[in-house]
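Respectively, the protein sequence lines represent chains A and B.
Okay, so the first sequence: first residue is 233 according to this note's numbering, each after it adds one.
Okay, so the second sequence: first residue is 162 according to this note's numbering, each after it adds one.
These are computed hints drawn from the structure, not numbers from a lab.
None of the values given here were measured: they were computed from a predicted structure.
Any given hint could be a false lead.
Computed cross-link-like contacts, DSS-like style, restricted to lysine-lysine with a CA-CA straight-line distance of at most 27 Å [stated by the list, open to error]:
no., chain 1, residue 1, chain 2, residue 2
1, B, 170, B, 199
2, B, 199, B, 179
3, B, 170, A, 235
4, B, 170, B, 214
5, B, 199, A, 270
6, B, 202, B, 180
7, B, 202, B, 170
8, A, 235, B, 180
9, A, 235, B, 202
10, A, 270, B, 183
11, B, 183, B, 202
12, B, 201, B, 214
13, B, 179, B, 214
14, A, 248, B, 201
15, A, 270, B, 179
16, B, 214, A, 270
17, B, 202, A, 270
18, B, 197, B, 183
19, A, 270, B, 170
20, A, 235, A, 302
21, B, 170, B, 201
22, A, 235, B, 199
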Amino acid sequence: AQKVTQAQTEISVVEKEDVTLDCVYETRDTTYYLFWYKQPPSGELVFLIRRNSFDEQNEISGRYSWNFQKSTSSFNFTITASQVVDSAVYFCALSESTLTGNQFYFGTGTSLTVIP
Amino acid sequence: DTEVTQTPKHLVMGMTNKKSLKCEQHMGHRAMYWYKQKAKKPPELMFVYSYEKLSINESVPSRFSPECPNSSLLNLHLHALQPEDSALYLCASSQAGAPYGYTFGSGTRLTVV
Chain A
233 AQKVTQAQTE ISVVEKEDVT LDCVYETRDT TYYLFWYKQP PSGELVFLIR RNSFDEQNEI
293 SGRYSWNFQK STSSFNFTIT ASQVVDSAVY FCALSESTLT GNQFYFGTGT SLTVIP
Chain B
162 DTEVTQTPKH LVMGMTNKKS LKCEQHMGHR AMYWYKQKAK KPPELMFVYS YEKLSINESV
222 PSRFSPECPN SSLLNLHLHA LQPEDSALYL CASSQAGAPY GYTFGSGTRL TVV
């Protein structure tokens, strides 16, 4: 079973539209971390946010916002007033603790295209 | 210092060459990782080092040889690679046994010709 599911493979929006990227995770741990990364066409993996399992407060950073709901095991990411520079592949990820290090699970990614 | 530094950023090598990728961190993390990423796919775990010992090898071909000479440094030695090994190679580090502080480097873009 997938530990992190990003059901949206590709999304296209017109510039200035809002877009929400979905992420559903699965874990039995009580302590875990959730992440979102952006990977633009240039290739580097850009860290966007880390959220621990005890902090369900939603977070807003400029045009970006994240909605963490433990009840539905979801950690969704919304971009408000999208811009062409937001075009990238976005990965949601889950980190769990193990004795040998952290297990880090990526979703399959959502490719976002913002059309001017 | 909260970074993982990878060198080189780009590498082109022939199938008979021997090269190495380098990864360095000074955050005191005792777990370090190598990932391979193909275009538009998520990174795939290759190796995990915990306290400088190899703890996970995800059935990676022997033409990839990891090395962890000390707690700050992780190398990936490459020999007799194939064109299909062309990919982005990412290094990461974290606290061992704690699910936070997982930090990725910016990667090495490898092209095998």
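Status of the hints after comparison with the structure:
1. For the hint linking residue 170 of chain B to residue 199 of chain B, the alpha-carbon distance of about 16 Å falls within 27 Å, and the restraint holds.
2. Between residue 199 of chain B and residue 179 of chain B the alpha-carbon distance is near 21 Å, which keeps this suggested pair within the 27 Å criterion.
3. Between the alpha carbons of residue 170 of chain B and residue 235 of chain A the distance comes to roughly 30 Å, so the proposed pair goes past 27 Å and is violated.
4. For the hint linking residue 170 of chain B to residue 214 of chain B, the alpha-carbon distance of about 26 Å falls within 27 Å, and the restraint holds.
5. Restraint check for residue 199 of chain B and residue 270 of chain A: the C-alpha separation of about 15 Å stays at or below 27 Å, so the hint holds.
6. At most 27 Å may separate the alpha-carbon atoms for a hinted pair to count; residue 202 of chain B and residue 180 of chain B meet this at roughly 25 Å.
7. A C-alpha spacing of about 19 Å is found between residue 202 of chain B and residue 170 of chain B, which places the hinted pair at or below 27 Å, so the restraint holds.
8. With a C-alpha separation of about 34 Å, the suggested pair residue 235 of chain A and residue 180 of chain B falls outside the 27 Å cut-off, and the hint is violated.
9. Proposed proximity of residue 235 of chain A and residue 202 of chain B is supported: the alpha carbons are some 16 Å apart, at most 27 Å.
10. Taken as a hint, the residue 270 of chain A and residue 183 of chain B pair is honoured in the structure, with Cα atoms around 23 Å apart against an allowance of 27 Å.
11. The straight-line distance between the Cα atoms of residue 183 of chain B and residue 202 of chain B is roughly 23 Å, inside the 27 Å bound, and the hint therefore holds.
12. About 31 Å separates the Cα atoms of residue 201 of chain B and residue 214 of chain B, which puts this hinted pair outside 27 Å; it is violated.
13. Distance check on the hinted pair: residue 179 of chain B and residue 214 of chain B sit about 23 Å apart at the alpha-carbon level, within 27 Å; holds.
14. For a cut-off of 27 Å, the pair hint linking residue 248 of chain A to residue 201 of chain B stands: about 24 Å separates their Cα positions.
15. Distance check on the hinted pair: residue 270 of chain A and residue 179 of chain B sit about 32 Å apart at the alpha-carbon level, beyond 27 Å; violated.
16. Between residue 214 of chain B and residue 270 of chain A the CA atoms are separated by roughly 31 Å; this puts the pair beyond 27 Å, and the hint is violated.
17. Straight-line distance between C-alpha atoms of residue 202 of chain B and residue 270 of chain A comes to about 13 Å, which keeps the hinted pair within the 27 Å bound.
18. Between residue 197 of chain B and residue 183 of chain B the alpha-carbon distance is near 14 Å, which keeps this suggested pair within the 27 Å criterion.
19. Of the supplied pair hints, the one linking residue 270 of chain A and residue 170 of chain B holds, its CA atoms being roughly 18 Å apart against a limit of 27 Å.
20. Taking the CA atoms of residue 235 of chain A and residue 302 of chain A, the gap is near 14 Å; set against the 27 Å cutoff, the hint holds.
21. For the hint linking residue 170 of chain B to residue 201 of chain B, the alpha-carbon distance of about 19 Å falls within 27 Å, and the restraint holds.
22. Of the supplied pair hints, the one linking residue 235 of chain A and residue 199 of chain B holds, its CA atoms being roughly 20 Å apart against a limit of 27 Å.
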